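Chains as they are written, first to last, in numbering that gives the first Met the number 0: chain P, 0 to 229; chain D, 0 to 105.
Hint data in this document are derived by calculation from the structure and do not stem from the laboratory. Be careful, since some hints might not be right.
Residues on chain D that point at chain P, a partial pick, calculated with CB under 8 Å [said to hold, decoys possible]: (1) Glu2; (2) Leu5; (3) Ala6; (4) Val22; (5) Ala25; (6) Ala44; (7) Ala51; (8) Ala56; (9) Met61; (10) Leu66; (11) Arg69; (12) Leu70; (13) Ala71; (14) Gly72; (15) Val77.
Here's a subset of chain P near chain D, in silico, CB distances under 7 Å, partners left out [as the list claims (entries may be wrong)]: (16) Gly12; (17) Leu34; (18) Leu55; (19) Thr60; (20) Trp63; (21) Val86; (22) Pro90; (23) Leu100; (24) Pro102; (25) Ala121; (26) Ile122; (27) Ala162; (28) Ala193; (29) Ala199; (30) Met206; (31) Leu208.
Given the structure is predicted, the values throughout are model-derived calculations rather than measurements. Heads up, the beta-carbon is just placed ideally off N, CA and C, and yes, glycines get one too.
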Amino acid sequence: MKAFLPGLREALGAAGVAMAATFLAFGAAVREAGLSPAWAVLACWGIYGMPGQLILVQAATLGWAGGVGTAVMGAVAVNARFLPMAVSIAPVLSSGSRLRLLPAVPFIAITPWAAAMRALPAIERPGRVGWFLGFGLTSWVVAGFAALSGYYVAGALGPEARAALIFVNPLYYALLLAGDLDKPAPRRAVLCGAAAASLAAVLPASMALLAAGLVGGTAAFLLGRRRGRG
Amino acid sequence: MAEADLALLLTAAACLGLRLAGVWLAGGLAADHPLIAWATAVAQATLAAFVALAIVAPAGAMAEVPLVARLAGLAVGVAACLAMRQRLLLALMTGLLAMLVVRAVL
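Bound conformation, chain P alone:
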């Protein structure tokens, strides 16, 4: 577990700032929807996927008018990326048994996944699960406390401050992706994914992200295989 501390430190850098900003804004939104602070923290720690969390908050704001089932399906669809993320990170984390990966499972989410895919190749294999736990656990704690703080300072956050907080999140992901643009496979996936985001013009919001990822990712994968053969 000697890589636990480097993982922890990494999570307190740009990732921690991005995480704290987003979850502060989330806590404020939870309060406005009339939900409890405990709900805010449990949503962060239980779901740990912001787009899905926001769909539940929106549904609560509307008084669950479409029913709990519809809200849950929307939230799960928008967080469905957990499945391909788990598939892709598992062999990077450990080449051995699936059981070794169990403690890491709750932390598979965009921020730890993206940071780990970037940092883990430079870390020796036996230390990788430790690094991931250090990073994941730290960002988990940061997320929970930020949401709680956001809940209590909601009144002090004007729309401008909230916009700035929310902007930090996509910007952070954009920077992580930009760092990968010099490698052909991630570059293809990023460009195809960004292009496929235009599907949002014709699809309902809850399905758009899932569809764009599937279409863009599959296109990038097929292009890569053609390149590989040719």
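Got chain P; can you put chain D on it based on the hints?
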């Protein structure tokens, strides 16, 4: 159980299920299996689509920020990141500052 608690419980269980299913699926494959390459491409493309939608067509509070300011923040942040290699926090702050400056000017 209140609707909000039920929705939270069901969503959390389903999300944990997705993560477990992914790890279980990958555990039975070789590291260079095409399914792993495909899943990685889908995950990266999803993230890129998320960024594209958040910048070009955001909902909620971000929609109040003019498109030009959002694009300026993204462009300056990415340029700073490429110029400063690995110094993510500094690039993040530079991009955020650029967005705020352009919004204030407009």
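Evaluation of the provided hints:
A cut of 8 Å between beta carbons decides the hint on Glu2/D: the least distance to chain P is about 5 Å, and the hint holds. Because the beta carbon of Leu5/D sits about 6 Å from the nearest beta carbon in chain P, less than 8 Å, this interface hint is met. Taken as an interface hint, Ala6/D checks out: its beta carbon lies about 5 Å from the nearest beta carbon of chain P, inside 8 Å. Below 8 Å, beta-carbon pairs count as interface contacts, and Val22/D has one with chain P at about 5 Å; its hint therefore holds.
Hint on Ala25/D holds. Least Cβ distance to chain P is approximately 4 Å, under the 8 Å limit. Restraint check, Ala44/D versus chain P: the minimum CB separation of about 3 Å is within 8 Å; hint holds. This hint holds: Ala51/D has a C-beta 4 Å from the nearest C-beta of chain P, less than the 8 Å allowed. Residue-level restraint check for Ala56/D holds (minimum Cβ-Cβ distance to chain P is 6 Å; threshold 8 Å).
Contact between Met61/D and chain P, as hinted, is supported at the beta carbon level, the nearest pair being about 5 Å apart and thus within 8 Å. With a least beta-carbon distance of about 12 Å to chain P, the hint placing Leu66/D at the interface is violated under the 8 Å criterion. With 8 Å as the threshold, the beta carbon of Arg69/D comes within range of chain P, its nearest partner Cβ sitting at about 7 Å, so the hint holds. Restraint check, Leu70/D versus chain P: the minimum CB separation of about 11 Å is more than 8 Å; hint violated.
Of the supplied interface hints, the one on Ala71/D is violated, with its beta-carbon coming no nearer than about 11 Å to a beta-carbon of chain P, more than 8 Å. Given the 8 Å rule on beta carbons, the hint for Gly72/D holds: about 6 Å separates it from the nearest Cβ of chain P. The restraint placing Val77/D at the interface with chain P holds, with a minimum CB-CB distance near 5 Å, inside the 8 Å limit. Given the 7 Å rule on beta carbons, the hint for Gly12/P holds: about 5 Å separates it from the nearest Cβ of chain D.
Because the beta carbon of Leu34/P sits about 5 Å from the nearest beta carbon in chain D, less than 7 Å, this interface hint is met. Given hint, Leu55/P at the interface with chain D, holds; its Cβ is 5 Å from that chain's nearest Cβ, closer than 7 Å. Because the smallest distance between the Cβ of Thr60/P and any Cβ of chain D comes to about 11 Å, over 7 Å, the interface hint for this residue is violated. Nearest Cβ of chain D to the Cβ of Trp63/P: about 5 Å, under the 7 Å cut. The hint holds.
For Val86/P, the interface hint holds, since its Cβ comes within 7 Å of a Cβ in chain D; the closest pair sits about 4 Å apart. Because the beta carbon of Pro90/P sits about 4 Å from the nearest beta carbon in chain D, less than 7 Å, this interface hint is met. The beta carbon of Leu100/P comes within 5 Å of a beta carbon in chain D, closer than 7 Å, and the hint placing it at the interface holds. Hint status for Pro102/P: violated, given a least beta-carbon distance of 11 Å to chain D, over 7 Å.
Violation of the interface hint for Ala121/P is found here, the shortest Cβ-Cβ separation to chain D being roughly 11 Å, above the 7 Å cut-off. At a threshold of 7 Å, the smallest CB-CB gap from Ile122/P to chain D is about 15 Å, leaving the interface hint violated. Checking Ala162/P against chain D: minimum C-beta separation of about 5 Å stays under 7 Å; hint holds. For Ala193/P, the suggested interface contact is upheld, since its CB lies about 4 Å from the closest CB of chain D, less than 7 Å.
Here the hint on Ala199/P is kept, as its CB sits about 6 Å from the closest CB of chain D, short of 7 Å. Checking Met206/P against chain D: minimum C-beta separation of about 12 Å lies over 7 Å; hint violated. Interface hint at Leu208/P: satisfied, since its Cβ lies 6 Å from the closest Cβ of chain D, which is below the 7 Å cut-off.
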